[in-house]
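Chains as they are written, first to last, in this note's numbering: chain R, 595 to 703; chain L, 9 to 124.
Calculated directly from the structure, the hints in this document are not laboratory data. Quantities reported herein were computed from a predicted structural model and do not represent experimental measurements. Be careful, since some hints might not be right.
For lysine-lysine, the following DSSO-like pairs were computed, each having C-alpha atoms within a straight-line distance of at most 27 Å [unchecked claim]:
| no. | chain 1 | residue 1 | chain 2 | residue 2 |
| --- | --- | --- | --- | --- |
| 1 | R | Lys596 | L | Lys25 |
| 2 | R | Lys700 | R | Lys673 |
| 3 | R | Lys636 | R | Lys690 |
| 4 | L | Lys23 | R | Lys690 |
| 5 | R | Lys673 | R | Lys636 |
| 6 | R | Lys690 | R | Lys639 |
| 7 | L | Lys23 | R | Lys636 |
| 8 | R | Lys639 | L | Lys65 |
| 9 | R | Lys596 | R | Lys700 |
| 10 | L | Lys19 | R | Lys639 |
| 11 | R | Lys639 | R | Lys596 |
| 12 | L | Lys19 | R | Lys636 |
| 13 | R | Lys700 | L | Lys65 |
| 14 | R | Lys596 | R | Lys636 |
| 15 | L | Lys23 | L | Lys65 |
| 16 | R | Lys673 | R | Lys639 |
| 17 | R | Lys700 | R | Lys636 |
| 18 | R | Lys596 | R | Lys690 |
| 19 | L | Lys65 | L | Lys19 |
| 20 | L | Lys25 | L | Lys65 |
Listed next, with one range per pair, are the computed distances between beta-carbon atoms [unchecked claim]:
| no. | chain 1 | residue 1 | chain 2 | residue 2 | range |
| --- | --- | --- | --- | --- | --- |
| 21 | L | Gln49 | R | Gly648 | 22 to 32 Å |
| 22 | L | Ala10 | R | Thr612 | 34 to 44 Å |
| 23 | R | Asn606 | L | Gly36 | 39 to 49 Å |
| 24 | L | Arg89 | R | Ser647 | 48 to 58 Å |
All residues carry an ideal CB built from backbone N, CA and C; glycine is no exception.
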Amino acid sequence: RKEVEQDPGPFNVPEGATVAFNCTYSNSASQSFFWYRQDCRKEPKLLMSVYSSGNEDGRFTAQLNRASQYISLLIRDSKLSDSATYLCVVEGGGNKLTFGTGTQLKVEL
Amino acid sequence: GAGVSQSPSNKVTEKGKDVELRCDPISGHTALYWYRQSLGQGLEFLIYFQGNSAPDKSGLPSDRFSAERTGGSVSTLTIQRTQQEDSAVYLCASSLEAIALTDTQYFGPGTRLTVL
Chain R
595 RKEVEQDPGP FNVPEGATVA FNCTYSNSAS QSFFWYRQDC RKEPKLLMSV
645 YSSGNEDGRF TAQLNRASQY ISLLIRDSKL SDSATYLCVV EGGGNKLTFG
695 TGTQLKVEL
Chain L
9 GAGVSQSPSN KVTEKGKDVE LRCDPISGHT ALYWYRQSLG QGLEFLIYFQ
59 GNSAPDKSGL PSDRFSAERT GGSVSTLTIQ RTQQEDSAVY LCASSLEAIA
109 LTDTQYFGPG TRLTVL
């Protein structure tokens, strides 16, 4: 089993739609979780951290389910500019991050 | 302010040659990471430096890979006797400290390495 698993997509959604991605992780001892965004041929950038209680940043909501070892990202009112690959990132111990292969989102007119 | 910079942005080399990739982290950042990203793959951790501590080399795929960080700032990743499977984008990231919970990793634009 991969340390971090994501559905690669692509998710093709119309502008204004709500879309959700899930990610599962294997290390039950992981304490830190993040979503990064990576545009085509660009470097990854932190989108948001994921807290145990769930957290929201504008149109983006992240949730953590420790019991089932998955995290989710919900995007409301999708914009064309949201088109990117979303990387699920989990602390792997020793101050290292383990990156998923990413979920590709395409928002269309 | 200036972000993480990497050079060269692209490198094409022949199988068997050595290559050296450079990373300039954000000034004041004590933690520096090297990753590589192959087509369709996630980011693969290679090595991490934290201040003056011994680096964590646990992700280096073979002894052909080495890295150093001089003066706690600039880092170079060296790949000796390159192989075609080394072709990937090599990304460097830095963070203020190495406490993953609180410190964002800022990535450079990467070096795209192609081994012919």
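Here's how the hints hold up against the structure:
no.	hint	in the structure
1	R/Lys596 with L/Lys25	violated (33 Å)
2	R/Lys700 with R/Lys673	holds (10 Å)
3	R/Lys636 with R/Lys690	holds (21 Å)
4	L/Lys23 with R/Lys690	violated (30 Å)
5	R/Lys673 with R/Lys636	holds (19 Å)
6	R/Lys690 with R/Lys639	holds (16 Å)
7	L/Lys23 with R/Lys636	holds (26 Å)
8	R/Lys639 with L/Lys65	holds (24 Å)
9	R/Lys596 with R/Lys700	holds (25 Å)
10	L/Lys19 with R/Lys639	holds (23 Å)
11	R/Lys639 with R/Lys596	holds (22 Å)
12	L/Lys19 with R/Lys636	holds (16 Å)
13	R/Lys700 with L/Lys65	violated (36 Å)
14	R/Lys596 with R/Lys636	holds (24 Å)
15	L/Lys23 with L/Lys65	holds (24 Å)
16	R/Lys673 with R/Lys639	holds (18 Å)
17	R/Lys700 with R/Lys636	holds (16 Å)
18	R/Lys596 with R/Lys690	holds (16 Å)
19	L/Lys65 with L/Lys19	holds (23 Å)
20	L/Lys25 with L/Lys65	holds (22 Å)
21	L/Gln49 with R/Gly648: 22 to 32 Å	holds (29 Å)
22	L/Ala10 with R/Thr612: 34 to 44 Å	holds (37 Å)
23	R/Asn606 with L/Gly36: 39 to 49 Å	holds (42 Å)
24	L/Arg89 with R/Ser647: 48 to 58 Å	holds (50 Å)
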